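S.K.: Okay, here's what each chain looks like letter by letter:
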Amino acid sequence: MSATPSPAPAAPLVSPQTPPAETGKSCPAPFLYLIGASVLWLLVASLLGLIASLKFHAPDFLAGQPYWTYGRVHAAQSAALLYGFGVLAALGVGLWLLCRLGRASLAGPCVVLLGTFFWNLALTIGIAAILCGDSTGYDAFEMPAYCAPMLFAAYLMIGVCGLLTFHQRQEGRLYPSQWFVLGSIFWFPWIFSTAALLLLERPARGVLQPLIAWWYARNLSTVFLGFAGLAPVFYFIPKLLGRPLHSYYLAALAFWTLALFGSWGGIPEGAPLPSWIVSLGVVGTVMTAVPLLAVAANFCQTVRHDLNALDANPTLRFTYVGLMFWFIAGAQQIAGALPNVSAITGFTWFGAAQKEMFHCGFFALSIFGAFYYIVPRLLELEESAWCPRLVKAHFYLTFLGVLISCLSLLVCGVGQGILLADPRHTFPEVMKNTMFPLRVSTLGDLCVVVGTILFLLNFARLLARACCRYCAAFPSAKPKEGA
Amino acid sequence: MNSGPLLFLGLFVTMACSWLSFVLGPQLQIGHLTQTNTVVVGEASPQTYPLAQPGAARQGAEVYRANGCAACHTEMVRPLELGSDLHRGWGARRSLAEDYLFDQPVMLGAQRIGPDLSNYGRRTDLIGVLLRLYDPPLITPGSIMPSYRYLFDTRKIQQFPSRDALVLPSEIAPAAGYEVVPRPQALALAAYLLSLRQEGYLFEAPPPPLQTNAAPVRAKTAAK
Amino acid sequence: MSPNDPKQAVQKNGAEPVAGFAAVPLWLIVVFGGLFYWSQLYLDGHAGGFNAAVYAPYRSFEQVAAVNPQDPGARKRAMGREVFEKTCAACHQLTGLGKEGVAPPLVGSEWVLAPGGGRIARVVLNGLTGPITVKGQDWNLTMPPWRDNFDDEHLAAVLTYIRSRLGDNKAADIDPALVKAARAESHPGPETTEELLKIPLQ
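Chains as they are written, first to last, in our numbering: chain A, 1 to 483; chain B, 1 to 224; chain C, 1 to 202.
It is possible that some hints are incorrect.
Coverage of chain B stretches by chain A, computed from C-beta distances (three or more under 8 Å per stretch; other residues unrestricted) [unchecked claim]:
(1) 121-128
(2) 141-149
Anything over 12 Å on all C-beta distances counts as not near chain C; from chain B, calculated [unchecked claim]:
(3) Gly-10
(4) Leu-82
(5) Gly-89
(6) Ser-95
(7) Arg-183
(8) Tyr-201
No lab work stands behind these hints: they were computed from the structure. Given the structure is predicted, the values throughout are model-derived calculations rather than measurements. C-beta atoms are modelled at their ideal positions from N, C-alpha and C, and glycine is treated no differently.
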C-alpha cells in the first residue's frame with residue numbers, strides 16, 4: 001500500500017467476465033431455505049420484540065404465565081434475531097456470494113439443506129426452552145447447553161460446504177466480498193465453541209463468565225454479523241452502479257482492522273474486572289474507527305458520481321442505507337465505549353439503541369438488499385417480479401421504523417443517563433421520564449414488523465409465481481384448454 | 001490476498017490476539033481466585049470473603065436466571081467516577097472479581113431498567129421482597145416491573161391462615177377465605193435476593209478516606 | 001466509463017464487480033497512527049500496569065497500596081467502620097440517624113457521646129431493652145447483645161468509629177481495655193435505662 005496516490009492502472013475497470021448465468025448453476029433450494037427461514041425467524045424475533053416492548057406500557061400484559069414474562073421474552077427475541085435471522089441470513093447470502101464470485105456451484109446442497117434443518121430444529125428447541133425457563137443467563141448466548149452441540153454441528157455442515165464451494169472456485173483472484181464471507185464463516189465456530197465450552201461445559205470461575213459472554217456477544221455482532229453484512233455491500237454497490245470499487249487496499253485495510261479491533265470490546269465501563277481488561281476493550285472499540293473510515297473513504301469515492309442512481313434499484317437502496325446505518329452504529333459504539341460518555345450512558349437505553357441500529361438497521365437492510373437481488377435469480381424470475389409497491393413500503397417502513405426506534409431509544413438513554421447521574425433523582429422518577437420515548441420506539445418496532453410481513457408477502461408471491469411457472473412447464477395429466 | 005490458506009491464517013492470528021487478551025489472559029490472571037480475608041484490617045478475627053451462598057439462595061439464583069431478571073437488573077456497582085451508583089446507596093464500594101467467586105452463572109446484566117441489585121440484601125427484608133414480587137406497584141408506585149404472581153399460590157384458607165401468607169391491601173387481596181402464599185420458588189428467589197450483599201473493603205477497593213472531624217476552617221472575618 | 005444517464009449505469013445482470021487499486025489515502029494512515037498513539041497513552045494511564053489488583057479508578061498498584069489504610073489508627077478506624085456498616089447500620093442506618101420503630105439515632109446521641117464510654121460499651125455488650133430517651137425522643141425497643149459476636153478490639157473499634165467519625169460526633173476513643181473490663185462484669189440480659197444511669201461517667 002503506497003501512501004501517495006498513484007495514477008489509475010491500465011487494467012480495465014470492468015473486466016469482461018462470463019455472465020454468471022453461464023457458469024455452474026447451483027441448486028436453488030438450499031439458498032431459498034436459508035433465506036426463507038431467516039426471514040421467518042426475523043418475524044418471530046420482531047413479534048417477540050413487540051411483545052417485550054408492549055410490556056413497558058402495560059407491565060401486566062401477559063404477566064400471568066411464566067412463559068411470557070419480560071425476561072424470557074427478551075431472551076427469546078435476542079436468540080431468534082441473532083441465531084435465526086442473523087446466522088441464517090449471513091450463511092445464505094454468504095454462500096451465494098461465494099458461488100457467484102468464485103463462479104462455482106454450491107458444493108453439497110443436500111448437506112446445506114440438512115444443516116439448515118438441524119439449525120432450525122435446535123433453534124426452535126432453544127427458544128421454547130428459554131420461554132420455559134431454561135435460559136443460560138448470558139446475554140446473546142441464552143440458548144441452553146443441550147442445544148449447543150446441534151447448533152454447532154448444523155453450522156459446520158453448512159460452513160464446510162461453503163468452504164468447499166470456495167475451494168472449487170474458478171476465479172483465482174479474490175474480490176473483497178469473498179474475504180468478508182470467509183471471515184464470517186470461520187469466525188462463528190471459533191467464538192461459539194469458546195463460549196459453549198467456557199460458559200456451559202466447564203464454566204470459568206466467577207466474573208470470567210460474563211467477560212467471556214461479553215467478548216462473545218461483541219464478536220458475534222461486530223465481527224461475524226459485520227462481515228456478513230458488509231460482504232453484500234461491497235458486492236452490490238459497485239456491481240449495480242457499474243463502477244469499480246474504489247480501492248482494493250482500503251478494503252483490505254478495513255477487513256483486517258475490523259477483524260483485529262472489532263473483537264476487542266463489549267465490556268462495560270465499571271465492570272468488576274481489573275482495569276486493564278476494560279481499558280483494552282475501550283482501546284479496541286475506539287480503534288474500530290479505522291475500518292469505519294476506511295469503508296467510508298472507499299464508498300465515498302465509489303458512489304460519488306452516481307448518487308442519483310442509488311435510488312434506481314431496491315438492492316442499491318437497501319444496501320446503501322444499510323451501510324449508512326453501519327457508520328452510525330459504529331460511531332455510537334465508539335462513543336459509548338469512552339469512559340466519560342459511558343459514565344452517563346452505561347446501562348441505559350443507549351446500548352439497546354446501538355444494538356438495534358446495528359442489527360435491524362445495518363444488518364437487516366443490507367441483507368434485504370441482497371435478498372431482493374438473489375431471490376428472483378434463484379427462482380429464475382425477473383427482478384420486476386417483486387411487487388414494487390411492497391418493496392417501497394418495506395423499505396420505508398423498515399428505514400423509518402429503525403430510525404424512529406433507534407433515535408427515540410438514543411434520546412431516552414442519554415436523558416436517562418443524565419438524570420441518573422444526579423443521585424437526587426430517584427430511580428422510579430427517572431424511569432417515569434423514559435416512558436414517552438419508549439412509546440415512540442414501540443411505534444418504530446411496529447413499523448419494522450409490518451415491513452417484514454410485507455417482505456414475506458412479496459417473497460410468497462415470488463415463490464407462488466415460480467411454482468406456477470414450474471407446474472406450467474410440465475405437461476399435466478389434464479389437457480389444458482388450447483395448450 | 002488471493003490465497004485461501006493465507007486468509008485463514010490471518011483470520012486465525014487476529015482471532016488469537018483477541019482470544020489471548022480477553023479469554024486466556026484474564027483466566028491466567030484471575031481465573032484461580034480464591035476466598036480472601038475481608039478488609040485490610042481485622043487481623044484479630046479475619047473473616048473470609050466471599051462466603052458460599054446457602055442452599056436456598058443457590059436455588060433462588062436458578063429462579064433469577066430462569067425468569068431473565070438480568071434483562072432489567074444489573075448486579076455490579078460502578079466506582080465513584082463512573083456513575084452515581086455509590087451515591088445512590090447501591091453499595092458501600094465498587095464491585096470486584098472476588099464478589100462473584102461462587103456464583104454460577106454470573107448474571108451481571110446489561111441494562112438498568114430496574115435498579116442495581118448487588119447489595120439488595122442490605123436494603124430490604126423478606127416481606128418487602130415477597131410483596132414486591134407479587135405486586136411491584138405496591139412497593140414502588142408507578143413501577144413498570146412485571147408482577148410475578150405465578151410464583152405465588154392463591155389458595156383457600158385451610159383451618160388456620162398460613163404463617164407465610166402475604167398481608168395485602170384490600171385492592172389486591174384475594175377473595176374472602178383465600179390467602180396468597182409464596183411457592184418454594186418465590187421463597188428461594190427471596191433468599192437469593194436477600195443474600196445479595198458485597199461486604200467489606202478489600203485491598204482492591206479500600207475504604208475511601210474519611211473526612212476528618214476537625215473544626216471547619218472559618219474564613220477570616222474582616223479586622224474589627 | 002460513467003454514462004450520461006446515471007440510471008443506465010445500473011446493470012441488472014451485468015459483469016461482476018472489480019476492485020480498483022487506488023492507494024490508501026494519507027489522512028487515513030495519519031488517523032490510524034494517531035489513534036494507535038492515543039491507545040498506547042490510554043493504556044499507559046488506565047491499564048494499571050496490567051495488574052490484577054488494580055481496578056478503576058486507581059491507576060497503579062502503588063496507588064492502591066497507598067490508599068489502603070496504613071497506620072494503626074487508620075486501620076482501627078477502617079475496622080470500626082467495617083463493623084458498623086456490616087452490623088450496626090442494618091438498624092441504626094448507614095448515616096447513624098436511626099429509623100423510627102427500628103433503632104434510635106447514634107449521631108448526637110447523649111448516650112453515645114457521654115464521657116468515658118462506659119455506658120455505651122455496656123449497651124453494645126449486653127444489649128438494651130425498655131424505654132429510653134435519646135435526643136429528647138422516647139424509644140422503647142430491644143437491641144440484641146453483641147458480646148458473643150465480636151472481640152474487645154472490634155467492639156472498641158466500632159465504638160470509636162461511632163463516637164468520633166459518625167456524622168458530626170466528636171468524643172474520645174474507646175480503649176479495648178474498657179470493653180474488656182465491662183465484659184468481665186457478668187450481666188445476664190440486656191441493659192435498661194435505670195441500670196445504665198447507675199454507671200458513672202468518667
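S.K.: Now, for every hint given, state plainly whether the structure supports it.
M.R.: A quick look at each hint next to the structure:
Counting residues of the stretch 121-128 of chain B whose CB lies closer than 8 Å to any CB of chain A gives 0, so the stated coverage by that chain is violated, three being the minimum. Coverage of the stretch 141-149 of chain B by chain A holds. Counting CB-CB distances below 8 Å, 9 residues qualify, and the rule asks for three or more. Gly-10(B), annotated as away from the interface, keeps every beta carbon of chain C farther than 12 Å; the closest lies near 18 Å. The claim that Leu-82(B) lies off the interface is violated: its Cβ sits roughly 7 Å from the closest Cβ of chain C, which falls inside the 12 Å cut-off.
In this structure Gly-89(B) is not separated from chain C by more than 12 Å, as the shortest Cβ-Cβ distance comes to only about 7 Å. Its closest Cβ contact with chain C, about 9 Å, brings Ser-95(B) to no more than 12 Å, contrary to its assignment away from the interface. At the 12 Å boundary, the C-beta of Arg-183(B) stays outside the reach of chain C, the nearest C-beta of that chain being 28 Å off. Non-interface call for Tyr-201(B) relative to chain C: violated, since the shortest CB-CB distance, roughly 6 Å, does not exceed 12 Å.
Of the hints listed earlier, those the structure fails to meet are numbers 1, 4, 5, 6, 8, in rising order.
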